[in-house]
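Engineer: Letter by letter, the chains look like this.
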Amino acid sequence: MPKELEPGGHESPDDSTSPAHTLELLCHLDNTAHGSMACVAWEPAGDGKKVISLADSHILLWDLQESSSQAVLASSASLEGKGQLKFTSGRWSPHHTGTQVATANDTTIRGWDTRSMSQIYCIENAHGQLVRDLDFNPNKQYYLASCGDDCKVKFWDTRNVAEPVKTLEQHSHWVWNVRYNHSHDQLVLTGSSDSRVILSNMVSISSEPFGHLVDDDDLSDQEERRPEGKSQEPPQDSVIATYEEHEDSVYAVDWSSADPWLFASLSYDGRLVINRVPRALKYHILL
Amino acid sequence: PASRLWAAVGAMAAAAAGPGTGSGPGDSPEGPEAEAPERRRKAHGMLKLYYGLSEGETAGRPPGSDPLDPTDLNGAHFDPEVYLDKLRRECPLAQLMDSETDMVRQIRALDSDMQTLVYENYNKFISATDTIRKMKNDFRKMEDEMDRLATNMAVITDFSARISATLQDRHERITKLAGVHALLRKLQFLFELPSRLTKCVELGAYGQAVRYQGRARAVLQQYQHLPSFRAIQDDCQVITARLAQQLRQRFREGGSGAPEQAECVELLLALGEPAEELCDEFLAHARGRLEAELQSLEAELGPSPPAPDVLEFTDLGGSGFVGGLCQVASAYQELFAAQGPAGAEKLAAFARELGGRYFALVERRLAQEQGSGDNSLLVRALDRFHRRLRAPGALLAAAGLAEAATEIVERVARERLGHHLQGLRAAFLGCLTDVRQALAAPRLAGKEGPGLAELLANVASSILSHIKASLAAVHLFTAKEVSFSNKPYFRGEFCSQGVREGLIVGFIRSMCQTAQSFCDSPGEKGGATPPALLLLLSRLCLDYETATISYILTLTDEQFLVQDQSPVTPVSTLCAEARETARRLLTHYVKVQGLVISQMLRKSVETRDWLSTLEPRNVRAVMKRVVEDTTAIDVQVGLLYEEGVRKAQSSDSSKRTFSVYSSSRQQGRYAPSYTPSAPMDTNLLSNIQKLFSERIDVFSPVEFNKVSVLTGIIKISLKTLLECVRLRTFGRFGLQQVQVDCHFLQLYLWRFVADEELVHLLLDEVVASAALRCPDPVPMEPSVVEVICERG
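Residue numbers (UniProt numbering), protein chains in the order written: chain A, 1 to 287; chain L, 1 to 792.
In silico DSBU-like pairs for lysine-lysine, Cα to Cα no more than 30 Å straight-line:
| no. | chain 1 | residue 1 | chain 2 | residue 2 |
| --- | --- | --- | --- | --- |
| 1 | L | Lys-624 | A | Lys-86 |
| 2 | A | Lys-82 | L | Lys-603 |
| 3 | A | Lys-86 | A | Lys-166 |
| 4 | A | Lys-86 | A | Lys-49 |
| 5 | L | Lys-176 | L | Lys-186 |
| 6 | A | Lys-82 | L | Lys-624 |
| 7 | L | Lys-124 | L | Lys-141 |
| 8 | L | Lys-468 | L | Lys-487 |
| 9 | A | Lys-86 | A | Lys-140 |
| 10 | L | Lys-603 | A | Lys-86 |
| 11 | A | Lys-50 | A | Lys-140 |
| 12 | A | Lys-166 | A | Lys-140 |
Distance ranges between label pairs, derived from CB positions:
| no. | chain 1 | residue 1 | chain 2 | residue 2 | range |
| --- | --- | --- | --- | --- | --- |
| 13 | A | Ala-280 | L | Ser-462 | 54 to 60 Å |
| 14 | L | Thr-514 | A | Ala-241 | 36 to 42 Å |
| 15 | A | Glu-124 | L | Thr-569 | 38 to 44 Å |
| 16 | L | Ser-612 | A | His-96 | 40 to 46 Å |
Note that these hints are calculated values from the structure, not bench results. In this text, all values refer to a predicted model and were calculated from it rather than measured experimentally. For glycine and all other residues, C-beta sits at the position ideal for the given N, C-alpha and C.
Just need the whole structure built from these sequences, with the hints factored in.
Structural biologist: What follows is the structure, encoded as C-alpha cells:
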C-alpha cells in the first residue's frame, strides 16, 4: 500500500474527518525510535491482537492489549547491510497459523518467522528495481506474488526462490499493487502508474485445477485422461481485461471482501473505480 | 485428252529404254516426267495411308486440289465433257477464246515433243535387241562345258574310294599301335611316380609334385584292385602325405609373404585337402599379419610419442593395413572362389571385424585432430583414407567398408562444422570482450565515446572475416579433387543443412541470442553490460538485418551450390530475427539509461528534506547533471543512429511555461482550505487537462533513431521524477525549488525529444503534483524562475 495512506490512519486521525463518523484514536504505535512507518499489517487469523509494522529498516511486532488500547512492542528485528535499507512493503501470510511475514526492501523480498523474528528465506534481486507490493496466495501456501518498478509481476514459490514460477510483463510502468482474489486465486489484479488496472487469469498456477477435478483413484486412469483434457482446453494464463478508466497513476487496487467478483481501484486524481469480473468468466469459473 | 495420251506414250518409252532413260524431255511440265512421280506418289500414298499419315499432307500437290476433280485437266479422273460444260457455263467468251488458243498451243507443243522422243529412243531399241541375241549364243556354249565337268568329277570320286578301301587295314593297325604306346608311357609314368615324387619333394619343387600327383590320382584310384597298382598308390599316398605335411609346415611358419602363402594354399587345395579348414587357417594367418599392422598403428596413436600428423597416419594405415587387407581379399577370392557364398560371407565377416578395428583407430586419431584449426591437412588425410578404402570396398562389397568409411568422413565433416560454429561463436564473444575493454579504457583516459562507430566497424569486419575464413575452410570438403565430394551427403545435405543452416544460420541465430541475453541478464539493476555495448550491438544487428545477412547467405549459396531441395531458412526470417534483436537491445538501452537518470532523480528527491528547505537561489546540481548526462547520451547515440524525425516545434518553446504556473497558482489558491469542493476543482482541472492529452506509454518500444531513443530515456526519467515527487511533502520553498528545477529541465530537454509537448506535459504534472503535496503552495514568480535558470 502506498505509504501515505497507512500512517494517515493511525497517526493523524484528526486529518481524516468525515461527515459520517469520526475516527477515534484507540492506540498509538510508538515508532519514534525506529523512523517513519512504511506499512502496518494485522495478523490475518487469530484474535487480532498482533500487528506488524515496518519502519525504515526495522520490523516490529506489536501486541495490542486491553481491548486494543495499548500496544506493546513484543519483538523486533532489523535489516543489516550496507547502505540505508528501508522496507517498502510487507504482508502477513494467511497460512502457517500466522507465523510468516514477507517484506520487501529495495529489490529484495524476505520472509520472516514471527515467533523467532528471524529470516526464513530471502529472494535477492526479486525484481530489477524496487519491489512495490507483495501478496500471498490465499489458497496455496508458499505461493507469493510480487510487483515492482521493473513493470513486472512475479509469482514465487517460497520453497524454491532461485527462479520465479511465472513472470508477467503487461504494464508499461511501475506496478504498485498486486492482489489475489480471496476465493478464486487464479484471478490476479494489478494496478500500475501507467494508469491501467489489469485483471489476469493465472490458471496454470492456481489452486483450482483447471476444468473438472480429476479423481485420482487410478494412476493409469489418470494418465489416460490427461492428454484428453489437454486436447480439450489446455490451461492458459491470459489477461482477462485491461481497465483504462483512470487518467492518472493507479496507486491502490483491492478485491471486495464481501463479493468475490467485485474490485476497486484508486488513482492519483482521486477517482475510485469499481469493476466486476466479466460475467462470462465468472460462470466459467463457477460452472 | 492430249496429256493422257502423252502419258501413255511416255510410259511405254520409259519401259522400253529402262529406268536410265526415263528422263525424257524435261521442258514440258505435263510430260512423262510429271507422270512418273505421280505414280510413285500413289504408291507412297498407300504406304502413308497404311502408316496413318493423311494423304493431304503429301508434298507436291497444291493444297485444296481434289484428285477426283473431273475438271482437273491433269487429273486421273478428267472428264472432257464436264470440263467443257464447266468452261462453257462459267467463262465469258473472251476467256473461252483464250483457253482455246492456250489449249491448241499446248497440244502443238506436246506433238512436237512426242516426235523428238520417238526419234531419240529408236536407236536404243535396236541395240538392245542385238545384245539379247548375242547373250543367247554364249549361254549355249557354257552348257556344254558344264556337262563335261560333271563326268570328270564322277571318275575322280571312284578312284578315291578305291584307294581308301586298300589303306583301311593298315590304318587300323597303326591306331592300335599308337594306343599301346600311350598306355605304356602312362604305365611307365606310374611306375616311376613314387621316385619322381620323392625327388620333387626333396628338391622342394612342390608345384611339380602336386601336378604329378594330380595326374596320377584318378588312374590309380581306378585300378587299385590290381596289386601292382595298389603298391604304387600306397607309395604315392605316403609321399603325398609327407608333401602335404611339408606344405602345411611351410604355410604355418608364416615367415614368407602373402603370395607364397597363397601358393601353399593353392597346392594344398590341389592335393585335395579340406577347403574349409584351409580357408579358416588362411584367414587366421592373415589376421595375424593385419593385427600386427593395427598394433603398429595403435602405437603411433599412443599418448607418449609425438603423434605423426594425421596425413602421415592415414597414409600409414592406408598402405599397411588397407593394402594388406586388399591382398588377403584378392588372394582369398582367387583361392576359395569354389567355396561359394559361405566362403564370401566368411571373408566379409573377417574384413568387417578388422575394418571395424581399423576405423576405431582412425576415429581416435581424427578425434585428436578436432581441436586443430588446419582443415586442409585434415581434408587431405580424409581424402586419402577414403580413396584407399574404395578399392577393397569394390572387392568386398558385402563388408560395407566403403560405406563405413564414408560415414566416418561424414561424421568428421559434421564435427568440423560444429567446431567452426564454436569458433565463430568464440570469435564473436572475443569481439565483444574487445569492445568492452575498448569501452572501458578511454573512459579512464578521460575521453569517451569517439571510437564507437569505429568499434562497430571493427566488430563487423572481424566477424565477417571470421565467417569467410570458416566458409573457405569448410569449402575444402566439397572441392572437386577430393574423392568423397561427390557423395550425396556432400553434394546435398552438407551444403544446405550443414553449412548453410548449421554453420551460417546457426551462427547468426546464436549471435542474436547472445545479444539478446544481454537484455535478459539479471544485472538489470546497474551495468553488468555497459550501455554503449548494448547500443553498439543493436546497431550491429540492425546492420545485419539491412545488408549483412543477405550478403553472407548469398556468398554461402554461391560457394556451395546448394542442390538439396530440403527447406532452408529464408533470409527474411533471419532478418526479422535480427531486427527483433536490434529492437530489444535498443529498448533495453533506453531502459538502462533511463534507469541511470531515474535513480539520480529519485535519490535527489527522496533524500532531501523538502519541508524545511531554503528559498531557491539556483538550480540544483542534480538537474544540471541530468542535462549533462542526457547530452552525453545524445552524443553517444548520435554516433551510431540517425537523427530521426521530430514533430514540428513551436517557435517559442518558453511560451507554455506561463500556463503551467497559472494553473499551479490556481491550485495553490484552492488547495489550503479543506472544503470538500476544493479538491473537486483541482481534480476537475487536471482531469480536463488530461482529456486533451494522450496517454503516455512510458516504457514503449523505440524506433531506430536518435530522437526516439532520447524521447524514451527522457520519458522514463521524468515519469520517475513525477512518481517520486508524489511521495513527498513539500514546504513552500520546496515547491519553488521544484518549480525552478522543472523549468530548467524544460529549457534544456525539449530539444532532444520528438514531441516537446511531452516534456511540457510531464513537467507540468510534476509541478502540479508538488503543489498538491504542499500545505502552503505559493509558487514563485515566473520571471524570477527564469532569471534563476538563466543564471544557473
